[in-house]
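**Student:** The primary structure of each chain is shown beneath.
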Amino acid sequence: MPKKIITIAVSGLNNVDSPGPGVSVIRGLREAESFDVKIIGLSYENLEPAIYMHDLIDKTYQIPYPQSGTEKLLERLKYINEKENLQIIIPNFDSELYSFMKLEPSLNKFGIKLFLPTYEQFEERHKMNLPKFGKKYGIKTPKSEVLNSFSDFYKIMDDFEYPILIKGKWYDAYVAYTVEQASNYYNKISAKWGLPVIVQQFVNGTEYNVTGLGDGKGNTISAVPIRKLFITDKGKGWAGISLEEPRLIELTNKFISQTKWRGGFELELIKDKENDYYMIEINPRIPAWVYLAIGAGQNIPEALVNLALGNKVSPYKNYKVGKIFIRYSMDMIIDKEEFEMFSINGES
Amino acid sequence: MKINKNIAINEKGLLFNPSTGESFTVNQIGILIIKLLREEKPISKISELITEEYEVDDITVEKDILDFGYLLRNHNIIEKDA
Chain A
24 MPKKIITIAV SGLNNVDSPG PGVSVIRGLR EAESFDVKII GLSYENLEPA IYMHDLIDKT
84 YQIPYPQSGT EKLLERLKYI NEKENLQIII PNFDSELYSF MKLEPSLNKF GIKLFLPTYE
144 QFEERHKMNL PKFGKKYGIK TPKSEVLNSF SDFYKIMDDF EYPILIKGKW YDAYVAYTVE
204 QASNYYNKIS AKWGLPVIVQ QFVNGTEYNV TGLGDGKGNT ISAVPIRKLF ITDKGKGWAG
264 ISLEEPRLIE LTNKFISQTK WRGGFELELI KDKENDYYMI EINPRIPAWV YLAIGAGQNI
324 PEALVNLALG NKVSPYKNYK VGKIFIRYSM DMIIDKEEFE MFSINGES
Chain L
13 MKINKNIAIN EKGLLFNPST GESFTVNQIG ILIIKLLREE KPISKISELI TEEYEVDDIT
73 VEKDILDFGY LLRNHNIIEK DA
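Protein sequences, first through last, are from chains A and L. The opening position of the first sequence corresponds to residue 24 in the working numbering, with each subsequent residue numbered one higher. The opening position of the second sequence corresponds to residue 13 in the working numbering, with each subsequent residue numbered one higher.
Keep in mind the hints are simulated off the structure, nothing from the lab. Honestly, I wouldn't trust all of these hints.
[Unchecked claim] Pairs of lysine-lysine residues, derived as DSBU-like cross-links and limited to a Cα-Cα distance of at most 35 Å, are as follows:
#, chain 1, residue 1, chain 2, residue 2
1, A, K346, L, K92
2, A, K340, L, K17
3, A, K346, L, K47
4, A, K283, A, K27
5, L, K53, A, K257
6, A, K277, A, K359
7, A, K132, A, K178
8, A, K166, A, K178
9, A, K283, L, K17
10, A, K343, L, K47
Start from the sequences and build out the full structure, keeping to the hints where you can.
**Tutor:** Here it is in structure tokens:
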């Protein structure tokens, strides 16, 4: 019997050295056992490579940047929905999540489902609020401060021991070993991403990550811990391995059960010399390396779609330990006419 | 010294720690020591078995086993408090 076809729109189609999760999410959806898919890409730029990956995406539409406001985004999504009859949208960028959360009731009226964290969950786990979050849920986090102006910078600098991390509100993080370096990074990040800038105590140790999925009722549907084996100079994992680490699964279960997390996520943790885990960041969406979790046996995008549709989803119990992902980049050759058509029409 | 339960080692000496994702290679004597540690043999017994097999005195062997154990502990191959 042919499987039901679900029309799903996916963003995060860029695949540069700081890749968006879109391509990996789509690969998971294409491999889903419980349904077939028609994939609609949502792109911001005309050079996002997945637009031209026709084996993965059926059609792509350009959408306005989050700064343009939710009204413009809604208008565009309405147009796309009229053409494609979308059933689900999976937004994959941190910076667009707020707009989609805000639009969720309106999109629901069109029959489009999302499976995102609630506004409270999104705000509570924000890197600006991480120490408070850790205290509330009994999870160790490094000391951090939020800087809303350059004058705040000198006020708090004596409270930290170097090295420290200087982080942007959405993206970017730099390790600073001196106050001069810290001040440079503050300026660089605030110029690129705006304020506030976050200062976090650097925890010396090894980074571990967990990707997973919460059902919004406190149950863990999926959790796969990994260690990145190769990290680029932008701090992005270019290879990684799935681990058997019950402490990370326990920590993830605790995170999900206490927050009643709804949707996909990535936990970033550092294990220090004492073997204690510190949560350094909670990303409220599926990470770009999710295909490792899929390869290890937990298809997070598929489970997320089923949750969004209100289907019964049984939690994944197992995954393969010792599975490795190695990322690569590849040159695609496309015709300039196709590029021009997308640039002019905003769809392809 | 107690080897962590989940450590995997093959006959070629490739050792994998699934909790950290780290892989190491050890030589034939390393494989033998890990095998004997798994069987919970005391260091004196391991030293005895190695001196029977190789031309080496027991003081050197015991010292080398302890050094090896220190390395294994550092890489979380043996339990920290064991």
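**Student:** A separate judgement is required for each hint: does it hold in the structure or not?
**Tutor:** Hints, one by one, checked against the model:
no. : hint            : in the structure
1   : A:K346 / L:K92  : holds, 26 Å
2   : A:K340 / L:K17  : holds, 21 Å
3   : A:K346 / L:K47  : holds, 25 Å
4   : A:K283 / A:K27  : holds, 30 Å
5   : L:K53 / A:K257  : violated, 47 Å
6   : A:K277 / A:K359 : violated, 51 Å
7   : A:K132 / A:K178 : violated, 49 Å
8   : A:K166 / A:K178 : holds, 15 Å
9   : A:K283 / L:K17  : holds, 33 Å
10  : A:K343 / L:K47  : holds, 25 Å
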